[in-house]
Structures are given as structure tokens and as C-alpha cells.
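Peer 1: As a plain string of letters, each chain reads:
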Amino acid sequence: MTVYARRRATNAVILMLSLLATASGLVILFLILWSLLKNGVPALSTDLFAKTTPPPGSNGGLINAIYGSVMMTVCATLAGTPIGVLTGTFLAEYGRGSRLAPVVRFVNDILLSAPSIVIGLFVYQVMVVPMGHFSAWAGSAALAIIVIPVVVRTTEDMLTLVPVGLREAAIALGAPQWKVVIKVIYRAALQGMLTGVMLAIARIAGETAPLLFTALNNQFWSSNMNAPMANLPVVIFQFALSPYADWQRLAWGGALLITFTILVLNIIARLLVSWSSFSR
Amino acid sequence: MAAINTTEATARVPSGRMRRQRVEDLVFRSTTRAFAVGVLSLLGAVLVALAIGAGPAVRAFGFGFLASQAWNPVKDVFGALPAVYGTLVTSLVAMILAVPVALGIAVFLTELCPPMMRRPIGILIELLAAIPSIIYGIWGLFVLAPVLQVTVQPFLIATLGAVPGLGLLFAGPPLGLGILTAGFILAVMILPFIAAVTRDVFMTVPAMLRESAYGVGATTSEVVRDIVLPYTRVGIVGGAMLGLGRALGETMAVTFVIGNAHRIQASLLAPGTTISATLANEFTEAVGDLYTSSLIELGLILFVITFVVLAAAKLMLMRIEERAAK
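Top to bottom, those sequences are chains A and P.
1 is the number of the first residue of the first sequence in my numbering; add one for each residue after it.
1001 is the number of the first residue of the second sequence in my numbering; add one for each residue after it.
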């Protein structure tokens, strides 16, 4: 074999392997989605959205868990987003030349990947122990801590994408900087910032670990935020590991619900980015 | 700088409106700064809270906690070694499986894929990262583990299990659940993170370098091996470390498939436990201060390990970003 033919053969093999690697990633994604559809669709019924979590052996649904998940996700997003946006604003608008900004950025990136179960332990220590009981507030707080770094990151990225000319134009008109930020830059970067919030919601919608020690779970309907509250991820965890077939079926139904909500959020978030005026 | 401007402005006695705007500006800037400081102190607060919670266990067991294999809630004797060992080994297995595949995906996306397909395929791979941990867990338990039990695991036992030395890693019955299955699930979960970072750092290779190599007749695989990989080495290691940081702390997926045994066994097919799985399984049921405190100390150990790994990853990625910015 000539050197040239050998090099070409090596090239073909390497590229085949890279194709194979990509294919295996995609195949696994579709396998997971397929199992979810196969096992989850039979569990979808009106009961799922009308009844509360049942004792084993009787009919029921997940409405209390769905309600709890929605409530805690909403509270966490409402609490975490402003903190994230303001921190992101500091990094993007006032960070240049400050010694604080690189440190905050560094710590934020670490929080972004920090194990969520440790966040749960932290909230257990600072909220559950002093209050003396598990509560949906504690669950929301844990989720909010997970929201913050996601929003900080996207806010900073999106604000820095806003053209300098826009800022200069506003400043030249005599607007004070806070007005420039709020009325011009936020408006220009709104779609991007919304993307960040949606990605954050997608991230916390399926988080289980931080809720285990904070919101715990509740067998019954409860709308009291100051008490343990059912939520989809923890119910899935409990039901999937149970030996009862009907509980396992409900777990698959819940898994299907969560996954498709999250995939839809992700896809909308990506569409928002590609529609935004300053996308990369 | 801004502070000096403010005093100057006051000295020149500006109009009331001007002065009000300066105050408003100051308030706005200080508010954003205060929240930034808040995010910063969050990290410290987590460390302090966990350290306080771990106090009783630290006093009771000292450094012996890290080296002890004991885990006996009845006698109130606890040790971190099996959980730490399981955390490290599952993550190691995940890295061995995920890094080559992620490199392959990055090569495909940057060198081989038709430009029109790059974004859709990239997004599909990234969707793997969007699927929550608990979904990987339920899929791993009900779908993957039974398949591994009848296909891959018997195959590994029959082939690698017969090799002296290496065989110890693949000894014992195929249970389906265990360290290997957990490592496999973790590999799938961290794959999109490593692939995305690797793809991005591949993109930082100057087109000039790449084109010069093609110009002197290099094949695509030679360009990747001799130009792209050497140029992006730091970034790839950074991306892999980022994945490692994720794998170490991953909880729910591992809890479903690891088998939850507080033992250290050489075989990868045996059940084990990780720090996060131990916490998820036992924390709410822990009775007694020492038990709870030991679990919190486990959490503290996990946090410190991931902090070090993620900080190293971040520093490496910052180096390559700086170079790309030049």
C-alpha cells in the first residue's frame, strides 16, 4: 500500500468513527424519548390531571404533584430572576476594570455546575432546621439558588451583545446610565434575557435532588407553601422505585410530562435566540 | 472612577435634576453591585453552613472519617471511604466512555458535517443535557440496566473477565445495576457538556492554521491530530474537567442504578454507592444527630471536590479564551 493510500484509509476510519460517535449520541437521545413515549403515553389520562397521588393499588393521578412543581418553579423563578438579572447587569455594565467582577464571574460559573444536592443540603441547614419542618418555601429557595447562576450568565452574555453604538446614542442624548440600562439595553436584550429565564425554568423543572431535603413530598393535596408539598420529580423518584405497577406507571406518566415540558421550553428558548436581533 | 465624578459634580453645584440623576445612578450601580456580592457570598455561605452541620461528625471521627469503611447507623459509626470511592470510580468510568465520544462528535461537527446540518445536530446533542437527571435514572433502571444485564455484562465477564488482573474488574454475576451501569449513564449525561465545549474550542483554531495544513496536503484526520488537537489541548482538558465536575455531583440518575451498597468491591459490576446517592437515599431517614451530621460532612466533601475540579476546568478554559481573544 502506498503512503498516500494508507493516509487516506486512516482518514476514512477516523471520520467514520466521528460519525459513529455522533450517531450514538443521537440514537441514545431517541431511545430515551422513545421509552418515555412508550411507557408514558399509556399513563396519560384525565385522571392524571384530576386526581391526587394514590395509595398503592388504587386509582389516582398527579395533580397535587403538578401543582406543587408549578408553584415552586414559579416562586423560584420570581425570586431568582431579579437577583440574576441585577448581578448580570453589574458584570456586563459596571464590571469592566473592577476587581470584583472577574471573581463573581468565576464563582458564578462554579455555582452553575455545582451539585444540586449540595444546594439542597445548604437550604436544609439554613431554612429547614431553623424552621423546624420541611416546606415548599424551602424547596423554592433551593430552586431559586439554581436559577440565579443561569440567569446571571445569560444576562451578562446578552447585555454584552448589545451594540456599543446604542449605548453611546442614549448617553449622548443625556440619559443617565441607569436609564440607559433599563430603557435601552434591557429592551434591546429582552429576548436574550427571556431565553435565559426559560432555560433556567427548564433546568429547575426536573430538579429532584434539592427538593428531597427541602420540600420533601406530600401524599395529599396541599397548597400551603409553609408545609411539605408534593412535586413531580420527588413523586417520580418515590413511585419509580416502588414495587407497585400502578405507581410505576404514574412515574412514567410524570416523567413524560416533565421531559416534554422541558424540551418545549428549550426549543422555544432557542427560537427566541435566533429571532433576537443581536444573535451570534 | 465614577465616585470621583460624583464628587466633582457636587463641587460644581449642578442643577437639581442633574444631582438627582447622579444619586439615582449611584443607587442603581450600588444595587447591582450588592447583588453581585450576594452571589459571591452564596458560595461562602454554602461552605460555612455545611461546615457547621458537619461539626459533630468531624469532632466524633476526625480525619479517620475519610479513611473508614464503616457505615453503621445502629452503632452510630460512619466512614466516607465507600461513598468517596464510588463517586470517583463512577466518574472515572464516565470520563473514559464520554471523552472519546465527545471528541468524535466535536470532530464531526467541525470538520465533517455539512454546514447546514451543524446547528440542528448540535442542538440535538445539547438536548441530551436538557433531559433531567431523574429521567436518566428511570430510563437507566427500567430500560438500560436489564439490557446491559443480558448483553454487555455477560460479554465483558466472558472476555475481559478471563484476563488475569484486569479480570478482577469484571468479576461476579451480571446484576444489571452497579458501578459500571452508573458510569455509563453518567457518560451519556456529561457527553453533551464535553462535546459542546470541545466543539467551541475547536472553532477557536485560526482558519489560517487549518488551511495551511490542508494546503500542504494534510488529510482531515491529520489536520485534527497535528493542528487542532495540539492547539486546543488546554480547552479539551478544561471541557473534560467540566464534565467531570458534573459527573461527581450527579445524583438522581446514579441513585437509581448504582445498587446502593456501602462496600468497596474491585469489580465494576458490583453494586456500590456514591456521596450523592447516599445523601438522596438516607438523608431524610437519618435518625440522630451524628448520622445527619455524617451525611452533611459527606456533602461538604463532595462540594470541596467538585469545587476544585470545576475551578481547575474554569482556569483552563479561561486560558484558551484569552488566546482566542488575542
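Quick caveat, the hints were computed from the structure, so don't treat them as lab data.
It should be emphasised that the depicted structure is a prediction, and the values quoted were computed from it without experimental measurement.
Even for Gly, the Cβ is constructed at its ideal location relative to N, Cα and C.
Be aware that a few hints might be false.
Covered by chain A, per the in silico footprint, the following chain P stretches (three or more residues, Cβ under 8 Å) [said to hold, decoys possible]:
#1 1035-1046
#2 1259-1268
Where chain A lies over chain P, by a calculated footprint (3+ residues, C-beta under 8 Å) [what the hints assert, rightly or not]:
#3 1054-1064
#4 1096-1107
#5 1199-1205
#6 1276-1290
Peer 1: Does each hint fit the structure? Answer for all of them.
Peer 2: How the hints compare with the structure:
1. Against chain A, the segment 1035-1046 of chain P contributes 10 residues with a C-beta closer than 8 Å to a partner C-beta. That satisfies the three-residue criterion, and the hint holds.
2. Taking a C-beta to C-beta cut-off of 8 Å, the segment 1259-1268 of chain P contributes 0 residues in contact with chain A, too few for the three needed, and the coverage statement is violated.
3. As drawn, the segment 1054-1064 of chain P meets chain A at 0 residues by the rule of a beta-carbon pair under 8 Å; below three, the given contact is violated.
4. Beta-carbon proximity to chain A at under 8 Å applies to 7 residues in the segment 1096-1107 of chain P; the threshold of 3 is reached and the given coverage holds.
5. Counting residues of the segment 1199-1205 of chain P whose beta carbon lies closer than 8 Å to any beta carbon of chain A gives 0, which falls short of the minimum of three for the stated coverage.
6. Beta-carbon proximity to chain A at under 8 Å applies to 5 residues in the segment 1276-1290 of chain P; the threshold of 3 is reached and the given coverage holds.
In this structure, the earlier hints numbered 2, 3, 5 are contradicted, and the remaining ones agree with it.
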